[in-house]
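Undergrad: The residues making up each chain are set out below.
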Amino acid sequence: DSGVTQTPKHLITATGQRVTLRCSPRSGDLSVYWYQQSLDQGLQFLIQYYNGEERAKGNILERFSAQQFPDLHSELNLSSLELGDSALYFCASSVEGYGATNEKLFFGSGTQLSVL
Amino acid sequence: QQQVKQSPQSLIVQKGGISIINCAYENTAFDYFPWYQQFPGKGPALLIAIRPDVSEKKEGRFTISFNKSAKQFSLHIMDSQPGDSATYFCPGGGADGLTFGKGTHLIIQP
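Here the protein sequences come in this chain order: A and B. Note that my numbering has the first sequence beginning at 1, numbered continuously upward. Note that my numbering has the second sequence beginning at 1001, numbered continuously upward.
FYI, nobody ran anything at the bench for these hints, they're computed from the structure. A quick note: this is a predicted structure, and the numbers were derived from the prediction, not measured. Incorrect hints may have been included.
Computed cross-link-like contacts, EDC-like style, restricted to lysine to aspartate or glutamate with a CA-CA straight-line distance of at most 20 angstroms [stated by the list, open to error]:
no.: 1; chain 1: B; residue 1: K1102; chain 2: B; residue 2: E1026
no.: 2; chain 1: B; residue 1: K1005; chain 2: A; residue 2: D29
no.: 3; chain 1: B; residue 1: K1068; chain 2: B; residue 2: D1084
no.: 4; chain 1: B; residue 1: K1058; chain 2: B; residue 2: E1026
no.: 5; chain 1: B; residue 1: K1068; chain 2: B; residue 2: D1031
no.: 6; chain 1: B; residue 1: K1068; chain 2: B; residue 2: D1053
no.: 7; chain 1: A; residue 1: K104; chain 2: B; residue 2: D1053
no.: 8; chain 1: A; residue 1: K104; chain 2: B; residue 2: D1031
no.: 9; chain 1: A; residue 1: K104; chain 2: B; residue 2: E1059
no.: 10; chain 1: A; residue 1: K104; chain 2: A; residue 2: D29
no.: 11; chain 1: B; residue 1: K1015; chain 2: B; residue 2: D1079
no.: 12; chain 1: B; residue 1: K1015; chain 2: B; residue 2: D1053
no.: 13; chain 1: A; residue 1: K104; chain 2: A; residue 2: E82
no.: 14; chain 1: A; residue 1: K57; chain 2: A; residue 2: E103
no.: 15; chain 1: B; residue 1: K1042; chain 2: A; residue 2: D1
no.: 16; chain 1: B; residue 1: K1102; chain 2: A; residue 2: D40
no.: 17; chain 1: B; residue 1: K1071; chain 2: B; residue 2: E1056
no.: 18; chain 1: B; residue 1: K1071; chain 2: B; residue 2: E1026
no.: 19; chain 1: B; residue 1: K1071; chain 2: A; residue 2: E103
no.: 20; chain 1: B; residue 1: K1015; chain 2: B; residue 2: E1056
no.: 21; chain 1: B; residue 1: K1068; chain 2: A; residue 2: E103
no.: 22; chain 1: B; residue 1: K1015; chain 2: B; residue 2: E1059
no.: 23; chain 1: B; residue 1: K1058; chain 2: A; residue 2: E103
no.: 24; chain 1: A; residue 1: K57; chain 2: A; residue 2: D29
no.: 25; chain 1: B; residue 1: K1071; chain 2: B; residue 2: D1084
no.: 26; chain 1: A; residue 1: K104; chain 2: B; residue 2: D1079
no.: 27; chain 1: B; residue 1: K1042; chain 2: A; residue 2: D71
no.: 28; chain 1: B; residue 1: K1057; chain 2: A; residue 2: E103
no.: 29; chain 1: B; residue 1: K1005; chain 2: B; residue 2: E1059
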């Protein structure tokens, strides 16, 4: 158990809809990262927050947004969903927020999103 | 965009053999060179990592080797077991080095 909690585990929705994915980081970790994993793109970085502030932005679509709350949990909002948004979405956390090439990341078990 | 080049994309090894996966990076500012392991339906988890001040680190059957001049690091799995069948990732891609890419799909045949 990594200590990172993601809910829900599975989400099935229709095209055009909006969903919210939730992540609670490991106790003591100030930074949260969101990743999207698909067969053709691999594990792609979407966005990172550190102590409530956006720190880095990756290949995140404009239809997607995220935020980190004062209690450090984070939410990823996906809107106007398309079939191609079907993927596994992972949240990871770390202590200092310097990224995977500087410190250990702890990943949650992911949310499987299916857009029908 | 910086690249991390992981090879091979897939690998099949017989039980008891040695599995070798390589990662070549561009950014010399990286300070931590990890390998993550992911089983189907699970999140990636840190397997082993090395700092650039050492050239090799061994943890059980897993060894990570770092070549600073060649800007690459490798994962060696000795006496590979079916339970090692998983996807292995190294980070370092993208503008901030935060992307992992497609990884290496390792299959250990009994």
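Undergrad: None of the hints should be skipped; say for each whether it holds.
TA: Checked hints:
Note on K1102(B) and E1026(B): the hinted pairing holds, with a Cα-Cα distance of about 17 angstroms set against a maximum of 20 angstroms. A distance of roughly 29 angstroms separates the Cα atoms of K1005(B) and D29(A); the hinted pair therefore is violated under the 20 angstroms criterion. As the CA atoms of K1068(B) and D1084(B) are separated by approximately 27 angstroms, the hinted pair breaks the 20 angstroms bound. At roughly 24 angstroms between alpha-carbon atoms, K1058(B) and E1026(B) are farther apart than 20 angstroms, so this suggested pair is violated.
Straight-line distance between C-alpha atoms of K1068(B) and D1031(B) comes to about 11 angstroms, which keeps the hinted pair within the 20 angstroms bound. Restraint check: the Cα-Cα separation between K1068(B) and D1053(B) comes to about 9 angstroms, which is no more than 20 angstroms; the hinted pair holds. With a CA separation close to 17 angstroms, the supplied pair K104(A) and D1053(B) stays within the 20 angstroms bound. Taking the CA atoms of K104(A) and D1031(B), the gap is near 11 angstroms; set against the 20 angstroms cutoff, the hint holds.
Distance restraint check for K104(A) and E1059(B): the Cα-Cα separation of roughly 16 angstroms lies within the 20 angstroms cut-off, and the hinted pair is therefore satisfied. A C-alpha spacing of about 11 angstroms is found between K104(A) and D29(A), which places the hinted pair at or below 20 angstroms, so the restraint holds. For the given pair, K1015(B) sits about 7 angstroms from D1079(B) by alpha-carbon distance, which is consistent with the 20 angstroms threshold. The straight-line distance between the Cα atoms of K1015(B) and D1053(B) is roughly 33 angstroms, outside the 20 angstroms bound, and the hint therefore fails.
For the hint pairing K104(A) with E82(A), the CA-to-CA distance comes to about 33 angstroms; that exceeds 20 angstroms, so the pair is violated. The suggested pairing of K57(A) with E103(A) holds, with an alpha-carbon distance near 18 angstroms, which does not exceed 20 angstroms. A C-alpha spacing of about 11 angstroms is found between K1042(B) and D1(A), which places the hinted pair at or below 20 angstroms, so the restraint holds. Taking the CA atoms of K1102(B) and D40(A), the gap is near 8 angstroms; set against the 20 angstroms cutoff, the hint holds.
Straight-line distance between C-alpha atoms of K1071(B) and E1056(B) comes to about 14 angstroms, which keeps the hinted pair within the 20 angstroms bound. Among the hinted pairs, K1071(B) with E1026(B) is consistent with the structure: their alpha-carbon atoms are about 7 angstroms apart, no more than 20 angstroms. Our distance criterion of 20 angstroms between C-alpha atoms is met by K1071(B) and E103(A), whose separation comes to about 18 angstroms. Of the pairs offered as hints, the one joining K1015(B) and E1056(B) is violated, with about 24 angstroms between alpha carbons and a cut-off of 20 angstroms exceeded.
The straight-line distance between the Cα atoms of K1068(B) and E103(A) is roughly 18 angstroms, inside the 20 angstroms bound, and the hint therefore holds. Proposed proximity of K1015(B) and E1059(B) is supported: the alpha carbons are some 19 angstroms apart, at most 20 angstroms. In summary, the hint linking K1058(B) to E103(A) is supported, as the alpha carbons are separated by about 19 angstroms, within the 20 angstroms threshold. For the hint linking K57(A) to D29(A), the alpha-carbon distance of about 19 angstroms falls within 20 angstroms, and the restraint holds.
Proximity of K1071(B) to D1084(B) is assessed by CA-CA distance (about 26 angstroms); at most 20 angstroms being required, the pair is judged violated. Under the criterion of a C-alpha separation no larger than 20 angstroms, the hint pairing K104(A) with D1079(B) is inconsistent with the structure, at around 26 angstroms. Restraint check for K1042(B) and D71(A): not satisfied, since their Cα atoms lie roughly 26 angstroms apart, outside the 20 angstroms limit. With a C-alpha separation of about 16 angstroms, the suggested pair K1057(B) and E103(A) falls inside the 20 angstroms cut-off, and the hint holds.
Restraint check: the Cα-Cα separation between K1005(B) and E1059(B) comes to about 24 angstroms, which exceeds 20 angstroms; the hinted pair is violated.
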